[in-house]
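Enquirer: Residue numbers (full-length UniProt numbering), protein chains in the order written: chain A, 1 to 399; chain B, 1 to 399.
Just to be clear, a hint being listed does not mean it is correct.
Since the list can't tell identical chains apart, any single copy or any two copies may satisfy a pair.
To be verified - Subject to a maximum C-alpha distance of 27 Å in a straight line, what follows is the list of computed DSS-like cross-link-like pairs (lysine-lysine): (1) K391 with K165; (2) K282 with K43; (3) K3 with K42; (4) K236 with K391; (5) K282 with K34; (6) K374 with K99; (7) K236 with K165.
Simulated from the structure, these hints should not be mistaken for laboratory data.
There are 2 protein chains.
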Amino acid sequence: MKKYRAGLFGLGVVGSGVFQTLSNNKDFPISIEKIAVKNPGKKRNIEVDASKIYTDASELLEDESLEIIIELINDPHEAFQIVSQALRNGKKVVTANKKMISLYHQELLQLSSETDGTLLYEAAVCGSIPVIRLLDQQFGADEINKVTTIANGTCNYILTQMSAKGWSYTKALQEAQNLGFAELDPYSDVSGEDTRFKLSIIILHSFGVHIKADDIPMVGIEHIDDSAIEFASENKVKIKLVGQAIQKNGSLSASVIPQFVEASEDIFFVDEEYNAVQIDAKYANRQFFKGKGAGSFPTSSAVVSNLSDIIYNRGYQLPASLTTFKKIEPTSDYYYVAGNEEVLHHLNVEEILVSETNYKIVKASLGTLLETSKEGAALSIINLPESLLKKLANTHAII
Amino acid sequence: MKKYRAGLFGLGVVGSGVFQTLSNNKDFPISIEKIAVKNPGKKRNIEVDASKIYTDASELLEDESLEIIIELINDPHEAFQIVSQALRNGKKVVTANKKMISLYHQELLQLSSETDGTLLYEAAVCGSIPVIRLLDQQFGADEINKVTTIANGTCNYILTQMSAKGWSYTKALQEAQNLGFAELDPYSDVSGEDTRFKLSIIILHSFGVHIKADDIPMVGIEHIDDSAIEFASENKVKIKLVGQAIQKNGSLSASVIPQFVEASEDIFFVDEEYNAVQIDAKYANRQFFKGKGAGSFPTSSAVVSNLSDIIYNRGYQLPASLTTFKKIEPTSDYYYVAGNEEVLHHLNVEEILVSETNYKIVKASLGTLLETSKEGAALSIINLPESLLKKLANTHAII
Numbered sequence: 001m002k003k004y005r006a007g008l009f010g011l012g013v014v015g016s017g018v019f020q021t022l023s024n025n026k027d028f029p030i031s032i033e034k035i036a037v038k039n040p041g042k043k044r045n046i047e048v049d050a051s052k053i054y055t056d057a058s059e060l061l062e063d064e065s066l067e068i069i070i071e072l073i074n075d076p077h078e079a080f081q082i083v084s085q086a087l088r089n090g091k092k093v094v095t096a097n098k099k100m101i102s103l104y105h106q107e108l109l110q111l112s113s114e115t116d117g118t119l120l121y122e123a124a125v126c127g128s129i130p131v132i133r134l135l136d137q138q139f140g141a142d143e144i145n146k147v148t149t150i151a152n153g154t155c156n157y158i159l160t161q162m163s164a165k166g167w168s169y170t171k172a173l174q175e176a177q178n179l180g181f182a183e184l185d186p187y188s189d190v191s192g193e194d195t196r197f198k199l200s201i202i203i204l205h206s207f208g209v210h211i212k213a214d215d216i217p218m219v220g221i222e223h224i225d226d227s228a229i230e231f232a233s234e235n236k237v238k239i240k241l242v243g244q245a246i247q248k249n250g251s252l253s254a255s256v257i258p259q260f261v262e263a264s265e266d267i268f269f270v271d272e273e274y275n276a277v278q279i280d281a282k283y284a285n286r287q288f289f290k291g292k293g294a295g296s297f298p299t300s301s302a303v304v305s306n307l308s309d310i311i312y313n314r315g316y317q318l319p320a321s322l323t324t325f326k327k328i329e330p331t332s333d334y335y336y337v338a339g340n341e342e343v344l345h346h347l348n349v350e351e352i353l354v355s356e357t358n359y360k361i362v363k364a365s366l367g368t369l370l371e372t373s374k375e376g377a378a379l380s381i382i383n384l385p386e387s388l389l390k391k392l393a394n395t396h397a398i399i
Numbered sequence: 001m002k003k004y005r006a007g008l009f010g011l012g013v014v015g016s017g018v019f020q021t022l023s024n025n026k027d028f029p030i031s032i033e034k035i036a037v038k039n040p041g042k043k044r045n046i047e048v049d050a051s052k053i054y055t056d057a058s059e060l061l062e063d064e065s066l067e068i069i070i071e072l073i074n075d076p077h078e079a080f081q082i083v084s085q086a087l088r089n090g091k092k093v094v095t096a097n098k099k100m101i102s103l104y105h106q107e108l109l110q111l112s113s114e115t116d117g118t119l120l121y122e123a124a125v126c127g128s129i130p131v132i133r134l135l136d137q138q139f140g141a142d143e144i145n146k147v148t149t150i151a152n153g154t155c156n157y158i159l160t161q162m163s164a165k166g167w168s169y170t171k172a173l174q175e176a177q178n179l180g181f182a183e184l185d186p187y188s189d190v191s192g193e194d195t196r197f198k199l200s201i202i203i204l205h206s207f208g209v210h211i212k213a214d215d216i217p218m219v220g221i222e223h224i225d226d227s228a229i230e231f232a233s234e235n236k237v238k239i240k241l242v243g244q245a246i247q248k249n250g251s252l253s254a255s256v257i258p259q260f261v262e263a264s265e266d267i268f269f270v271d272e273e274y275n276a277v278q279i280d281a282k283y284a285n286r287q288f289f290k291g292k293g294a295g296s297f298p299t300s301s302a303v304v305s306n307l308s309d310i311i312y313n314r315g316y317q318l319p320a321s322l323t324t325f326k327k328i329e330p331t332s333d334y335y336y337v338a339g340n341e342e343v344l345h346h347l348n349v350e351e352i353l354v355s356e357t358n359y360k361i362v363k364a365s366l367g368t369l370l371e372t373s374k375e376g377a378a379l380s381i382i383n384l385p386e387s388l389l390k391k392l393a394n395t396h397a398i399i
């Protein structure tokens with residue numbers, strides 16, 4: 001079998017995992033020959049031959065003996081420069097950078113098409129779960145109606161601890177940071193931004209349309225407090241940060257928002273740092289996939305599966321140009337809203353269904369609620385399925 | 001895009017689904033031009049142009065304008081003749097025939113290799129769940145330690161009704177037959193044979209070894225009675241027919257047997273006619289996939305995904321020759337055993353842990369228990385996880 005020489009950018013959590021996985025598999029026909037890092041003197045917990053380490057990107061990008069570039073750095077703009085140059089130089093590229101793919105997918109698609117290049121990014125969405133592979137290969141003649149995902153392991157870990165151990169949001173976040181599940185600056189995870197990047201890539205592969213992540217309405221988990229957890233527990237539901245895209249009669253709605261999830265849903269059982277993707281399609285019906293969304297080896301297993309794709313000449317089947325959607329607006333829905341009394345009093349909603357001192361259940365458009373949130377009020381907004389609302393009618397005075 | 005002409009064998013549940021799916025997708029570059037059926041006069045609930053219908057296989061197999069053969073008949077031996085001839089004639093073949101693949105996979109692999117042919121069979125295992133695709137593509141540089149599957153929708157439907165509605169096995173089977181989930185002769189489903197065929201294909205793609213389905217120890221669901229269902233309910237577990245293959249230090253054990261499944265397991269939540277596959281791998285860790293295992297459209301969606309593979313030139317990456325395993329012996333384990341008192345009294349086991357009038361919980365080798373079963377006694381044998389045994393110690397006198 002043909003042997004390939006590869007260059008690796010980044011030797012962090014995922015980079016180290018990929019390097020170790022390939023080192024442990026001597027039969028695998030791809031070997032990492034050069035590694036570009038920012039700080040070659042940094043202490044690492046893996047052993048790498050110093051002669052493989054470079055700080056100059058061009059040492060890898062201009063080396064014609066390297067057919068494959070594996071890009072695993074953090075900065076999306078720098079990553080875009082590296083990946084673009086690699087594609088222009090005729091290299092096949094594997095990346096795990098969801099932010100880069102989400103921000104630049106139009107440009108990258110065009111560049112791949114112009115250079116007839118290969119660009120694969122299974123690890124960018126839901127770590128080890130082969131979601132891109134499946135969307136790309138399995139639903140070619142099917143019609144996807146809905147995709148639902150728990151795509152951020154950090155948020156899911158935090159919400160699981162809050163619910164199972166009664167920890168506050170702050171304590172659960174701290175614990176996640178101690179365990180390495182959350183970064184020192186947790187903004188991207190807890191705000192929903194990370195999920196939104198991933199959802200935009202899922203939308204690209206599910207519906208073949210380009211959506212700016214920024215245009216997807218988003219609510220994070222930062223304002224979820226004990227009373228929301230208590231409400232969930234009383235009603236035998238769990239709170240999960242859910243990314244969802246729904247296609248109906250050719251139009252698309254999408255959102256990233258905490259949801260009360262009932263035990264009748266498969267995602268109810270996705271706990272700790274696990275991720276999941278549920279696909280509802282016309283012919284295949286419902287498909288549910290669950291796996292580790294983070295961690296060195298689970299994520300690197302997705303990178304390595306893309307390396308196998310290169311060996312067997314499998315690429316993604318996306319059109320070179322995509323329809324661009326201007327704005328994604330979820331239709332009005334039911335929400336649990338908590339915050340200070342003053343703010344709750346001035347909510348701009350269509351209907352108030354339950355009104356307690358510390359929360360309200362309202363029918364509203366998410367856009368309007370987010371406006372209120374922007375005005376400086378720390379609102380906790382949690383999506384509430386209609387089926388749960390019906391159950392609440394037995395215990396609450398529905399107005 | 002290049003257009004392909006295909007020939008279809010069989011117009012039953014799956015065949016009709018494939019024909020309809022392709023008819024509804026005019027953009028899909030594969031069209032069914034000829035259909036071979038046994039009985040052209042048979043009343044069908046889909047409309048097919050009579051000029052497309054043939055009864056002579058060679059009309060399809062010898063037609064050089066047909067590049068693709070889709071084989072969806074029942075008889076595995078006849079299917080093998082069709083598929084072999086199609087491969088010899090240079091055609092690309094898609095089949096859903098698990099029995100044929102399981103019985104003939106050595107011959108088919110060799111033939112595919114000799115003719116440089118394409119043979120794809122995603123629909124043969126777990127209907128719509130893309131299990132072969134994943135095993136083939138995602139775990140190339142990973143090491144699979146265990147595969148667990150609920151692969152028979154009929155059994156799962158029957159067990160779900162027995163547990164949820166208190167129905168007897170006979171009544172649940174009858175209902176499954178009325179709904180079209182079970183055939184008039186349910187032997188292959190309820191005996192575990194169907195699961196065993198599928199498990200042998202899963203083993204082929206997980207571990208690269210050839211195992212005769214006959215060599216996998218098997219227990220069906222026919223003897224599961226109300227008291228076993230009651231035992232499950234009392235202990236908050238469910239009974240599922242589970243196919244499992246475990247690799248440990250290079251040796252393999254496999255079995256198909258009803259198991260008491262605890263709520264901590266993902267397969268606990270696989271009910272009704274759903275199927276599931278759980279893969280435990282060294283790097284990817286645990287992956288869980290759930291989807292419809294039967295039904296016209298879900299199964300045909302897997303067939304159509306293979307047609308997409310042909311368009312994009314994706315094949316399976318199996319070696320042409322495989323290691324053949326002689327015998328698969330599960331190591332000794334814990335079992336719930338029920339039957340008449342006389343038989344229970346003479347069980348050949350290593351240890352008896354619980355001894356009630358109508359059942360015993362024993363430590364034994366499955367092979368030995370199956371010997372007792374063969375001697376004419378209708379034994380109900382259900383695998384019992386060690387963790388459940390520990391819980392039982394609180395409520396039962398463990399001997």
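Enquirer: So, for every hint listed, does it hold in this structure?
Expert: Verification of the supplied hints:
1. Both within a single protomer and between protomers do K391 and K165 lie at most 27 Å apart by alpha-carbon distance, with minima of 26 Å and 23 Å respectively.
2. Only between protomers do K282 and K43 lie at most 27 Å apart by alpha-carbon distance; the minimum there is 26 Å, versus 51 Å within a single protomer.
3. In the homo-oligomer, the alpha carbons of K3 and K42 never lie at most 27 Å apart, since the shortest distance is 30 Å inside one protomer and 55 Å across protomers.
4. For the identical chains of this complex, K236 and K391 are neighbours both inside a copy (11 Å) and across copies (25 Å), given an alpha-carbon limit of 27 Å.
5. Proximity of K282 and K34 under a CA criterion of 27 Å is satisfied inter-copy only: 26 Å between copies versus 46 Å inside one chain copy.
6. Taking the shortest alpha-carbon separations for K374 and K99, only the intra-copy value of 24 Å comes in at or below 27 Å, while the best inter-copy value is 61 Å.
7. Proximity of K236 and K165 under a CA criterion of 27 Å is satisfied in both settings, with 15 Å inside one chain copy and 23 Å between copies.
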